[in-house]
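**Q** One letter stands for each residue in the lines below.
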Amino acid sequence: MSENGGALLQVEEVSKSFGGVQALRSGSFELSRGEIIAIVGANGAGKSTLIKIVAGVFRPDSGRMLVRGEPVAPRDHNVGHMRHLGIEVVYQDLAIVPNMNAPYNLFLGRIPKRFGIFVDEHAMRRKTRAILEDLKVTTVQSLREPISAMSGGQQQSVAIGRAIAWGREIVILDEPTAALGPTETGEVERLMHEIRDRGTAVILISHNLEQVFRLADRILVVHHGLTTPAFPRSGVTSEQLVRAITLGEQVA
Amino acid sequence: MSGPEPGLGVDASEEARAGRSEMLRNNVPYIAIVLVVLLFTIVSGDRFLSVRNWTFIAQQTPVLLLLAYAQLIVVTTGSIDISVGSSLGFSMYMAVLGMVWLGPAGIVCGILAATLIGFVNGSIFSLLKISSFVTTLAMLIIVRALLNIISDGGSIYVTEQAATGTYVDSVAAPWLLALGRFPNILIFALVVTALMWVFYEKTLFGQQLKALGGSERVLSLFGVSVTWFKIQVFVAAGFMVGLASLISLGRSGAGTPRAGEQFELDAIAAVALGGTPLTGGHGSVLRTVVGALTLTVVANGLTIAGVDPSWSRVARGVLLIIAIAISLNRRRIGVVK
Amino acid sequence: MKRAIILLGLLVMLTGVAVTAQDMVEPRMDLVIADLGQPETNPWVINRHRFERCVAESLGVTLDEFDDENSEEKHVSQAESIIARQPDGLIFNPLTSPAGIQVARLLEENAIPGVAVGRLVVSNYDTDYEGEHFIAQVTQNNDTWGQAIGQATVDAGHKKVAMIWNQKGVTSAEEIWNGVLSVLEMHEDIELIAEAWDRLNRENGILYAEQFIARFQPGEIDAIIVLGAVAGLGSQFAVEQAGRDDISIITTDIDEQVAQFISEGKLGFSIGGHWMVGGFGLIQLYDYLHGFPVENTQPLFSLIPVDASNIDTYAEGLLQGCILNDEQVKNLSRVHNPDADLPGFIDEFSKNWEEFVTADMMEEEMEEEESEGDG
Ligand SMILES: Nc1ncnc2c1ncn2[C@@H]1O[C@H](COP(=O)(O)OP(=O)(O)OP(=O)(O)O)[C@@H](O)[C@H]1O
Ligand SMILES: [Mg+2]
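Protein sequence lines correspond, in order, to chains B, L and W.
Numbering of the first sequence is given in the working numbering, commencing with residue 182 and proceeding in unit increments.
Numbering of the second sequence is given in the working numbering, commencing with residue 294 and proceeding in unit increments.
Numbering of the third sequence is given in the working numbering, commencing with residue 47 and proceeding in unit increments.
Honestly, the hints are just simulated from the structure, not real lab data.
There may be inaccurate statements among the hints.
No farther apart than 20 Å at their CA atoms in a straight line, the calculated lysine-lysine pairs in the PhoX-like style are these [said to hold, decoys possible]:
id: 1; chain 1: B; residue 1: K294; chain 2: L; residue 2: K495
id: 2; chain 1: W; residue 1: K312; chain 2: W; residue 2: K205
id: 3; chain 1: L; residue 1: K422; chain 2: B; residue 2: K308
id: 4; chain 1: B; residue 1: K308; chain 2: B; residue 2: K294
Ranges of calculated distance between the beta carbons of each label pair, as one might list FRET restraints [to be verified]:
id: 5; chain 1: L; residue 1: A487; chain 2: W; residue 2: E302; range: 37 to 47 Å
id: 6; chain 1: L; residue 1: A487; chain 2: W; residue 2: A157; range: 34 to 44 Å
id: 7; chain 1: L; residue 1: R606; chain 2: B; residue 2: I298; range: 51 to 61 Å
id: 8; chain 1: L; residue 1: L420; chain 2: W; residue 2: Q257; range: 55 to 65 Å
id: 9; chain 1: W; residue 1: A260; chain 2: L; residue 2: T348; range: 47 to 57 Å
id: 10; chain 1: L; residue 1: W521; chain 2: W; residue 2: Q213; range: 32 to 42 Å
id: 11; chain 1: W; residue 1: A157; chain 2: L; residue 2: L420; range: 25 to 35 Å
No experiment lies behind these values; they were computed from the predicted model shown.
Think of the CB as a built atom: it goes at the ideal place given N, C-alpha and C, for glycine as much as any other residue.
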């Protein structure tokens, strides 16, 4: 582990463009253990692009990323490696495979095997039940049915459960409560505190500023593909934040 | 454990109705084959039900069945392989040519050829990102042309005894001819079916086929190497075509430039009759067996009943549409491509 | 009704007497013969079926027709299904000789007699075939067929000739071409300027003719020889569309359209009648089923060359399907005529076919034409 202030994750001036579209011009931030950082910004500002770089979905065109002080080599910059390092994401659209059952979705990319080729369905179902119980999801009828047969809230639980189960170091949530009612939202927020308390860092993307103020330790603004330095929640008013989001103004 | 929670607001009778129609859909292939057998029993009686006829049916189904498995592997992922007919013909010829060169062991050339074709299909599809239909259409043409070139229009025969100079090219392999007959061909097909079932239903590979058909994007978001997997899918299908080529060679007794023509269509029809949506994500080995069997029995039964060949084809086309129309779960599929 | 039955009984008795008097076997009226061939997508198949039905009717045989959808595998599967029907015999037009060999094996295994027509199963039945239930293969003489095409080309004075043929690997097609070459090669002034070997359908007939038209200016090409009328008519169409009346099309098979074009001078020459092999094969099978041994296991039919000079006779006689009347068909069967010589007839027919086109047929044809004109 490096001496660098104990930072778990350091993102340094990463950029990404798709053909002609500069999705992210330059993104930088740091993240420590047990910290919740919120990323805010207008639609299309580059938030999802930034966290997909962290998750290993995109390899940055420039800049670099360090996990526990270790730079991630470009050839290691992929989902498999990041998941190996303990970084998990709950995507904006949940990223579930609709025709597969809940256990498969929970174990996506980490299916337990027997004799090297067979799916250990028994173990998967057992662990799935445990995870769902942990999440207080008790209304699931069958773990053999395709997940598309579940309600939206249940599907979300599976997606969150998946991230919490595997994300030892960092759990990233991309607008996790946008489609939820107040009760479920409260439940998700409680979970965030729970994993923060176990020492996992959380990155939260949200358009709900109240929620951001309620949860985040620090706030990072993305404007037109550029990040501002993250500032502590206490050092900013919500008016300042709105101006930063819409106009890209620095919050001193 | 979680039981159904009361008072969720879902109308219980509606749920039951949905369950019933779901059950009907899932069982359409089984119902269809029972009806078909009943119908022909009424129309043709003894001749249709004779041991001899069912021996023939048992000989006619296996090659189609194995090709349908190859197709099922690909279709489950949401792609299609229309090169299986050409690939079958090519592999049969390579198998028999291999035996001319290397003796009995040379038959593996057939499996290798089919697997290689699968690899090429998969690589073009996955790496060059050309749709599977277009890729395998091109391969259908190319592979058939290569077969014409290699064979120069000639056939190589598999014979019971060593050649007596009758045929230009032949190789003695009574064991292979025996493999192409009842009951061996059926036993072979049953063993492959058992393995296919385990492969499709129980292995990670099989599960991933369905997941890929469900959402390729999500798989890659979670670190599954989709590019390589898609190549493997076509390799697996190619291997299955290779197995089909062995029994097909045993059954037809010759590697010929025309072998396997149009077989891709029957393979697709068998998969579709088995209730597997061509959009991918779902599929069943057992129902594919029933699909292939239905296709064979219908062709056989119509011939025994003496139906005019053109009308027989019309009947088969109509059956295909009816079976699929009933078995399609439109709720699950959403968009039909 | 009763009277009819008595009459029928009398008739049967009478025939019975006649038969015993001539020391002949009782003709069976309950025979069911199956026919397996290709779909009716070309005139050869259509004509073969027509003539075979005539013969079946004359002999009192029930004929059931099936096709193989042009697939080797289906050829064999269909043969199996047909055998499960338990017909008395099978006439089959093997799609390829490997498929034919499988059918022959099925005939042996199930003890059902069969005759191959139109294509060879083995190249020489007597030396190459050992079974007993596959009894004969009735085909056309490919050498003389090709030679007749070659001769027609020479006679028409064509010097620069292109061709469109079946894709390589079809034995009879290659034999026919060798026949053509054997004649052309005797004339040093005739030059083969282009070859196309592919599937024979109308589209390819058009395609290759267009390629030749584009490649050769008037004067550089005189004729295109096209195997099969389906492709041949395609080539004719292409030539006509392009307005290249310098190019003559020589083809094989004759249907109504080909006949029409030959009489109008749009087609130079065609050759046909080989569809009769089906009917002849049926007579052989019929005799065998009545206990007569096969006399000639591999009779060859010589084709009938047709050009503007004899096309009317051909069209009015042969295209009606029933070129032979009941009497003439029965005369070819040893069941009805102890002196019947079917192989001889097959061999000779191309020389004297015009004799069989009777005044009756011509009249009928003319009447038909008139009534068509009225309507
Ligand atoms: N795979 C891609 N290909 C092309 N353009 C992309 C891709 N992903 C993102 N973009 C573009 O990059 C820009 C930033 O997108 P991004 O999804 O990061 O925004 P966001 O901040 O997450 O917005 P939202 O709040 O709407 O989710 C947008 O203009 C988007 O259209
Ligand atoms: Mg986003």
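**Q** Checking each numbered hint in turn, tell me which of them this model violates, lowest number first.
**A** 3, 5, 7, 8 and 11
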